[in-house]
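K.L.:
Just need the whole structure built from these sequences, with the hints factored in.
4 protein chains.
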Amino acid sequence: MSGNTLGKIFKLTTFGESHGSAIGGVIDGCPAGLSVDFEYIQQQLQERKIDPLAINSRKEEDAVEFFSGIFEGKTTGTPIGFLIANKDLQEIDYQQEKTILKPSHAHYVYWKKYGIFDHRGGGRASARETASRVVGGCFADMLIRQYNIEIETFTLQIGKVCTPYQWTELLLEKASENVLHCPDKQIAKEMLNELQNVKDQQDTVGCVVGGMIKNVPIGLGSPVFDKLSADLGKALLSINATKGFQYGAGFEAAGKYGSQINDKFDENFRTKTNYSGGIQAGISNGENIYFSVAFKPLPTLSQTQQSVDIYGKEAVLQPKGRHDICAAPRVRAVIKAMTAMTIADHLLQYLTYSK
Amino acid sequence: MSGNTLGKIFKLTTFGESHGSAIGGVIDGCPAGLSVDFEYIQQQLQERKIDPLAINSRKEEDAVEFFSGIFEGKTTGTPIGFLIANKDLQEIDYQQEKTILKPSHAHYVYWKKYGIFDHRGGGRASARETASRVVGGCFADMLIRQYNIEIETFTLQIGKVCTPYQWTELLLEKASENVLHCPDKQIAKEMLNELQNVKDQQDTVGCVVGGMIKNVPIGLGSPVFDKLSADLGKALLSINATKGFQYGAGFEAAGKYGSQINDKFDENFRTKTNYSGGIQAGISNGENIYFSVAFKPLPTLSQTQQSVDIYGKEAVLQPKGRHDICAAPRVRAVIKAMTAMTIADHLLQYLTYSK
Amino acid sequence: MSGNTLGKIFKLTTFGESHGSAIGGVIDGCPAGLSVDFEYIQQQLQERKIDPLAINSRKEEDAVEFFSGIFEGKTTGTPIGFLIANKDLQEIDYQQEKTILKPSHAHYVYWKKYGIFDHRGGGRASARETASRVVGGCFADMLIRQYNIEIETFTLQIGKVCTPYQWTELLLEKASENVLHCPDKQIAKEMLNELQNVKDQQDTVGCVVGGMIKNVPIGLGSPVFDKLSADLGKALLSINATKGFQYGAGFEAAGKYGSQINDKFDENFRTKTNYSGGIQAGISNGENIYFSVAFKPLPTLSQTQQSVDIYGKEAVLQPKGRHDICAAPRVRAVIKAMTAMTIADHLLQYLTYSK
Amino acid sequence: MSGNTLGKIFKLTTFGESHGSAIGGVIDGCPAGLSVDFEYIQQQLQERKIDPLAINSRKEEDAVEFFSGIFEGKTTGTPIGFLIANKDLQEIDYQQEKTILKPSHAHYVYWKKYGIFDHRGGGRASARETASRVVGGCFADMLIRQYNIEIETFTLQIGKVCTPYQWTELLLEKASENVLHCPDKQIAKEMLNELQNVKDQQDTVGCVVGGMIKNVPIGLGSPVFDKLSADLGKALLSINATKGFQYGAGFEAAGKYGSQINDKFDENFRTKTNYSGGIQAGISNGENIYFSVAFKPLPTLSQTQQSVDIYGKEAVLQPKGRHDICAAPRVRAVIKAMTAMTIADHLLQYLTYSK
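For the protein sequence lines, the chains are F, Z, L and X, in the order given. Each residue of the first sequence is one higher than the one before, starting from 0 at the first, in numbering that gives the first Met the number 0. Each residue of the second sequence is one higher than the one before, starting from 0 at the first, in numbering that gives the first Met the number 0. Each residue of the third sequence is one higher than the one before, starting from 0 at the first, in numbering that gives the first Met the number 0. Each residue of the fourth sequence is one higher than the one before, starting from 0 at the first, in numbering that gives the first Met the number 0.
Hints listed in this document are in silico derivations from the structure and should not be mistaken for laboratory results. Hints are supplied without guarantee of correctness; some may be wrong.
The list treats identical chains as one, so a pair stands whether inside a single copy or across any two.
What the hints assert, rightly or not - Cross-link-like lysine-lysine pairs, in silico, BS3-like; alpha carbons within 30 Å at most:
{"no.": "1", "residue 1": "Lys73", "residue 2": "Lys7"}
{"no.": "2", "residue 1": "Lys58", "residue 2": "Lys319"}
{"no.": "3", "residue 1": "Lys263", "residue 2": "Lys319"}
{"no.": "4", "residue 1": "Lys86", "residue 2": "Lys73"}
{"no.": "5", "residue 1": "Lys73", "residue 2": "Lys312"}
P.N.:
Structural data, given as structure tokens:
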């Protein structure tokens with residue numbers, strides 16, 4: 000069971016490796032009649048390529064080619080097959096990865112699990128795959144926008160530079176004013192400095208990225224195993240390099256008392272506070288859903304690393320190949336996509352109850 | 000899509016409300032030929048009832064009755080149906096919940112989603128349901144123990160009382176010496192004091208509970224959406240009152256550099272450090288898997304709470320009914336069960352690749 | 000993957016063996032707010048026990064006990080767990096089945112697949128399991144009746160006694176006038192004679208049972224793999240002793256020309272003929288859906304049978320135990336249940352498209 | 000839930016319409032390390048284009064392009080994405096289908112279900128989609144051939160020309176000697192004459208196609224809902240234009256007595272007869288599995304047809320476009336593919352029990 004499909008009703012199946020001729024996917028279960036906003040799709044793929052420090056990372060045009068499921072500009076209800084060409088390939092860079100294991104990277108476990116590994120650029124484990132997720136997420140987004148649901152994402156921490164934990168709308172509105180979508184302009188600058196510092200050190204750095212979902216109808220999510228929070232957690236934890244997920248008060252809730260953070264209702268059934276983070280007992284309660292995701296420093300470094308080869312001999316990895324130094328700038332688009340697909344899937348499930 | 004089934008090959012479906020005559024479930028996909036350790040099952044259900052402070056919570060015998068899938072003491076490969084009677088029922092306690100909405104509780108969202116709600120003791124949203132998960136988890140555990148896989152759980156934080164984040168085996172071995180399975184004896188005492196304090200204040204308190212999985216074969220987990228870490232996260236986030244999940248270095252990883260926490264291989268392909276937490280690129284790498292889960296303070300309080308009723312009028316909730324004051328003591332057994340089922344499911348999926 | 004769950008949104012999971020203390024199941028995904036017609040459920044379970052020839056088959060009360068998912072007479076949207084006790088047990092009858100393999104029966108393949116077999120009364124392979132399907136089917140039926148969808152079933156053939164293939168409503172209306180629900184009164188008598196003859200010969204006999212579904216909305220079914228016809232076929236072929244399924248013109252269509260059996264539209268988009276059987280390209284077209292299912296003679300005979308034991312030695316099976324001589328009388332209720340659940344599942348899937 | 004994915008472990012997802020620029024699919028769950036026989040894939044796609052009468056049907060090169068999941072000639076365990084270009088497009092032919100409904104065709108139900116329809120060449124409902132199934136089937140076949148499992152298919156009936164129902168190996172061996180793979184050379188000639196006759200009449204004709212699966216291990220299939228026979232039935236009934244499925248004695252079993260067709264064991268646990276058709280109680284028993292599938296006459300005719308347009312007005316369909324006159328010659332390759340994928344999926348499920 001290879002697990003390359005996400006969702007129960009709104010489904011995305013992806014395929015493709017870093018250095019194959021193309022990656023792509025199939026979106027199944029997208030309702031018919033949606034006007035396809037092709038510009039929006041390309042714009043979201045652009046978002047996934049944000050590169051504020053001119054890192055020497057891969058340059059791809061990421062022009063999506065669609066083969067099916069769209070007719071005269073609208074979805075038809077049949078599966079949407081698409082490809083994104085891999086053009087900027089430099090196979091020569093990856094010769095050493097044929098035999099030398101990269102620390103904290105996928106090579107070793109793929110090799111042991113499958114007995115074979117496409118070593119070029121990380122193969123299937125490359126974050127290149129997430130471009131297909133962005134395409135799927137755009138269709139989900141086009142669907143949920145019809146219900147006025149909106150998703151925004153934010154950089155909350157890069158290395159030691161950390162936004163104070165504040166989920167107020169005011170700050171969020173300012174997020175789009177800087178390239179990192181950090182809700183605080185001054186901290187955004189410090190984050191960029193930290194990124195420059197990391198680049199200079201030929202190192203990589205971890206981060207926390209947050210998201211907010213607005214206008215979710217009350218009732219999305221199933222009560223026991225398929226809680227909206229559990230499915231959202233799974234979707235986001237399936238992104239490369241993630242180490243943690245929290246929503247609402249998150250890990251901070253562990254230090255609180257019930258009398259402090261129970262969310263009291265007002266007379267319109269809105270809650271006066273939102274420590275719950277918009278999900279109660281696994282089901283959306285109509286308040287804003289907010290969450291954050293922790294990412295480890297990306298494991299490929301621009302400095303030499305001690306390692307072993309597949310024969311168990313000591314070996315040195317040279318800093319070839321191209322890679323990012325922090326997930327934050329580019330992963331926001333992926334988080335938005337995964338969030339949109341989770342909400343779309345639960346929205347369609349929810350409609351089966353709407354009689 | 001009600002989402003009451005967990006797993007793809009090793010599956011548990013549960014049913015039952017807090018105040019129905021019984022709860023229960025069906026385990027499907029458990030391999031044939033396992034010797035059923037009935038004592039272990041009852042012992043794990045006992046673990047789920049640990050009550051170090053003699054809280055006035057529900058007293059249930061929790062004797063499981065099995066109906067199928069077991070013959071002459073062994074599993075037969077057919078589904079295992081079981082019931083656990085609800086005996087200690089006090090319906091009178093819950094009259095006010097018919098109309099008054101409990102803050103940060105399930106009532107409101109069930110009412111809006113389904114138009115109907117079994118208000119007695121939280122209905123389906125009660126943690127009573129987790130007893131069925133423990134039964135499923137025991138069968139999973141009986142399966143994975145055949146591969147020497149072991150799961151342990153620990154209390155890491157209660158309110159402000161916090162274990163220093165240390166995943167060393169020495170401390171873990173000491174965990175079973177105290178009722179909370181806290182890896183530090185002194186901190187365990189402080190935690191119990193904090194619980195007594197919370198009880199005295201008629202309040203509830205949040206917590207963090209950790210887990211460790213040892214001897215997991217290399218290769219469990221699927222590379223993209225069904226990463227072992229993502230499925231483990233979903234399983235644990237499906238437990239009542241969870242607010243977050245992290246594994247390996249977790250949210251701490253966000254503050255680190257790649258050169259600090261990349262896990263270097265030794266000549267036996269073991270890693271010298273384990274910041275990855277035993278899962279690399281979504282696939283187990285043979286090192287110990289460790290994780291932690293954040294729980295909010297349980298929302299039912301022993302003090303009066305201001306709220307509104309279903310007509311939007313202000314109302315006061317009286318502190319009737321029985322409830323716990325912190326998830327930690329009892330939820331460890333549930334975390335173990337959810338972990339065991341996730342590992343069992345991925346283990347069986349893994350066997351399809353073993354040719 | 001044990002495959003004891005049917006459906007994607009409206010789901011039934013069953014458990015239980017012939018001679019365990021009870022069988023049962025869990026219905027998940029049934030919408031909230033349905034009034035539960037308990038009398039109808041017991042009446043359908045009665046239909047499954049029709050015994051026109053006073054065959055010496057098992058006598059069970061089949062009183063269903065519900066544990067969850069129903070509150071104040073209505074479904075709540077949470078899973079419905081239920082049990083049906085096995086009371087009329089005669090374990091002594093089945094001693095020889097411990098070692099002697101019954102021809103054309105499940106024992107051998109279970110033994111080889113699982114290495115263990117509950118030999119009493121066929122264990123999990125017993126048609127006893129179908130009582131749980133009838134319960135699930137009743138909830139599906141209560142749902143689809145809200146859309147005016149109706150299901151009727153008919154005996155079309157018993158041994159050589161065969162109804163002329165006629166799907167006209169006139170004949171069908173007469174079906175309920177005889178115990179076999181054969182659409183022709185005279186042929187019904189011949190069928191009963193044939194059953195008496197088979198009983199006298201201590202033999203069993205095959206049959207064909209048909210069904211009709213009326214008032215299905217246009218649009219149920221998915222275009223490619225999950226065609227309504229394919230899912231209906233799977234559901235019905237999952238009933239014990241089935242050997243074939245056809246719908247619309249069925250196998251007769253193989254001998255026809257397109258110009259003969261293309262169904263022409265009238266001006267209201269209704270078809271003037273219905274050789275398609277109400278499903279076009281896998282999707283319901285608003286016409287009546289009709290189908291038939293072939294059953295082999297039940298393999299347990301009231302005469303001695305030559306066989307081998309599990310050591311490969313020749314052995315003689317004595318005609319102990321209780322069994323039916325033809326599937327037709329009792330299986331109609333099961334066919335109705337499987338049909339209702341298939342339609343309910345596709346109806347709920349369909350509602351996800353209804354924007 | 001669009002239902003464009005087949006299988007639980009070995010999965011195929013397809014996409015594409017008749018007149019898009021390409022069709023394609025994703026194979027997920029194919030084990031790693033299989034040598035990919037590219038020639039075999041193209042040869043099977045050729046089989047799907049057999050055209051013994053030089054019918055004016057579409058001419059496609061059907062060269063498959065693979066994008067992923069294959070490295071240095073072997074499968075890697077990651078999903079295999081592929082495309083097949085649509086080159087021989089004649090859009091002008093399909094103008095009338097924009098508004099006139101074709102009898103017994105998909106147009107009407109797609110229009111009503113989705114509100115939109117790609118009318119060119121049948122859109123998603125075109126049998127063009129089955130080319131992707133053949134690709135998926137080839138990978139399944141490469142897998143199951145490692146277990147010596149073989150699949151053969153046969154033409155058993157075309158219109159009134161019918162092979163006597165005989166499942167003996169002798170006849171089957173002769174099947175490959177004629178283009179229709181009819182097990183009787185003389186009847187094969189009559190079938191070709193019948194096809195010529197149908198072509199001359201500008202009509203189409205129904206057929207029955209059979210299949211045999213040899214060397215299936217004992218134990219494939221799950222006992223209750225996911226019986227091997229039920230899943231095989233569903234897979235085959237999902238092929239365009241099918242009206243029925245039977246296996247073993249099939250509908251003939253309805254006319255038989257148990258004493259006639261119970262399959263007695265010999266001392267090696269092989270059965271002396273095989274009326275069961277290799278599947279007992281839903282589980283393979285080690286004997287040959289054989290089945291047959293009924294197809295209606297293809298609905299597109301080379302003669303004018305009376306119909307209505309989407310406004311309900313009478314209209315005449317002109318015989319434009321290209322189409323086959325009988326499913327039999329080309330559908331054999333599709334039946335083989337669907338059979339191979341069903342067996343592969345159950346084989347992989349079976350391996351999870353192989354303790």
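K.L.:
Each hint needs a verdict: does it hold in this structure or not?
P.N.:
Do the hints match the structure? See the list:
1. For the identical chains of this complex, Lys73 and Lys7 are neighbours both inside a copy (22 Å) and across copies (27 Å), given an alpha-carbon limit of 30 Å.
2. Proximity of Lys58 to Lys319 under the C-alpha cut-off of 30 Å is restricted to the intra-copy arrangement: shortest distance 16 Å within a copy versus 48 Å between copies.
3. Only between protomers do Lys263 and Lys319 lie at most 30 Å apart by alpha-carbon distance; the minimum there is 18 Å, versus 55 Å within a single protomer.
4. Proximity of Lys86 and Lys73 under a CA criterion of 30 Å is satisfied in both settings, with 29 Å inside one chain copy and 23 Å between copies.
5. When the C-alpha separation of Lys73 and Lys312 is checked against a cutoff of 30 Å, the pair qualifies only between copies, where the shortest distance is 27 Å, while the shortest distance within a copy is 56 Å.
The earlier numbered hints are all upheld by this structure, with none contradicted.
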